[in-house]
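Make a model of the complete structure from these sequences and hints.
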Amino acid sequence: MKVLAIGASRNIGYFAALSLLRAGNTVVFQLRNVSAFDEDVEMQPFVKSGQAKLVKGDALVQEDVRTAWTEANADGVPVDVVLLSVGGTPKFTLSKGFVINPPNLCTSSLVNLLSVIPHDFPAQPKIVAVTSNGVTADSHKSIPFLAKGFYALISVPHADKLGMEKVIHWSAGWPKESWKDGDPEAHILPQGWQEQLGGKAGWLKSIVVVRPAILTDGEENAKYKAGEDIPGLWTVSRKTVAHFISNDVLNNWSKWEGKAVSVGC
1165 MKVLAIGASR
1175 NIGYFAALSL
1185 LRAGNTVVFQ
1195 LRNVSAFDED
1205 VEMQPFVKSG
1215 QAKLVKGDAL
1225 VQEDVRTAWT
1235 EANADGVPVD
1245 VVLLSVGGTP
1255 KFTLSKGFVI
1265 NPPNLCTSSL
1275 VNLLSVIPHD
1285 FPAQPKIVAV
1295 TSNGVTADSH
1305 KSIPFLAKGF
1315 YALISVPHAD
1325 KLGMEKVIHW
1335 SAGWPKESWK
1345 DGDPEAHILP
1355 QGWQEQLGGK
1365 AGWLKSIVVV
1375 RPAILTDGEE
1385 NAKYKAGEDI
1395 PGLWTVSRKT
1405 VAHFISNDVL
1415 NNWSKWEGKA
1425 VSVGC
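Residue numbers (the numbering used here): 1165 to 1429.
Since the hints were made in silico from the structure, they are not lab data. Keep in mind that a hint or two might mislead.
Below, in silico cross-link-like pairs of lysine-lysine (DSBU-like), each with a Cα-Cα straight-line distance of 30 angstroms or less [said to hold, decoys possible]: (1) Lys1290 x Lys1364; (2) Lys1305 x Lys1217; (3) Lys1290 x Lys1369; (4) Lys1340 x Lys1312; (5) Lys1166 x Lys1389; (6) Lys1217 x Lys1369; (7) Lys1166 x Lys1305; (8) Lys1166 x Lys1312; (9) Lys1290 x Lys1217.
Next up, the structure:
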């Protein structure tokens, strides 16, 4: 299997990619800084062998994403899966809680990706997109009551993740009545984004949305739960989410395809 990993220099994407490499798969990384793995003793053997390929680029720049897609397919072996796990480093402010810069980092990265991959089936790759639990109105109802205060502090990053989910919902042609969150704000998803993606809904054929609970830096936990809008999920480690993606989602695609899956403990 060949995977194009965007936003995988660290955290969920990194751990998932490392697991996939250890299982014998090929991973092409789009990295803003291609020296990111220079001192990484776990990643270096894969880089040196060519099993991991590094392509310089920024997910916020459409032409960079196009280059990454072209480079990933240049050897004639098509990309099977795109893993999109872009995320910024939140900074706390007294007025808005945690914020990211730019505020539409994840949404813009997704739009750029969907604008360059083939829209004709079966040439499309499978896509795994990481958003967050509690982003939509329905998934927010499932989070524990005592956790809602923390979720209020991450409303700005969650607005970005909601933009991602709106783009996915439209592109995949999921039922209109199942979207209950209105349109994201213009600074997250500007007018004209549908035209950028061809203007026709329902073209995206194979995607899984992964919605982690509150993320931690803990070790992998084999006792996690995964499913649609599971109530009572508190936290989940990044390594656990990575394990779910690399060992469950990609090995049981028909089980998870077309779903937004909450993951947590």
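Structure-based check of all given hints:
Pair hint lysine 1290 plus lysine 1364 holds up; C-alpha atoms about 19 angstroms apart against a cutoff of 30 angstroms. For the given pair, lysine 1305 sits about 41 angstroms from lysine 1217 by alpha-carbon distance, which is inconsistent with the 30 angstroms threshold. About 8 angstroms separates the Cα atoms of lysine 1290 and lysine 1369, which keeps this hinted pair within 30 angstroms; it holds. Straight-line distance between C-alpha atoms of lysine 1340 and lysine 1312 comes to about 27 angstroms, which keeps the hinted pair within the 30 angstroms bound.
For the suggested pair lysine 1166 and lysine 1389, the alpha carbons sit about 27 angstroms apart, so the restraint of at most 30 angstroms is met. The hinted pair formed by lysine 1217 and lysine 1369 meets the criterion: a straight-line CA distance of about 26 angstroms does not exceed 30 angstroms. Of the pairs offered as hints, the one joining lysine 1166 and lysine 1305 is violated, with about 37 angstroms between alpha carbons and a cut-off of 30 angstroms exceeded. A threshold of 30 angstroms between alpha carbons decides the hint, and for lysine 1166 with lysine 1312 the separation of about 39 angstroms lies outside it, so the pair is violated.
For the hint pairing lysine 1290 with lysine 1217, the CA-to-CA distance comes to about 19 angstroms; that is within 30 angstroms, so the pair holds.
In this structure, the earlier hints numbered 2, 7, 8 are contradicted, and the remaining ones agree with it.
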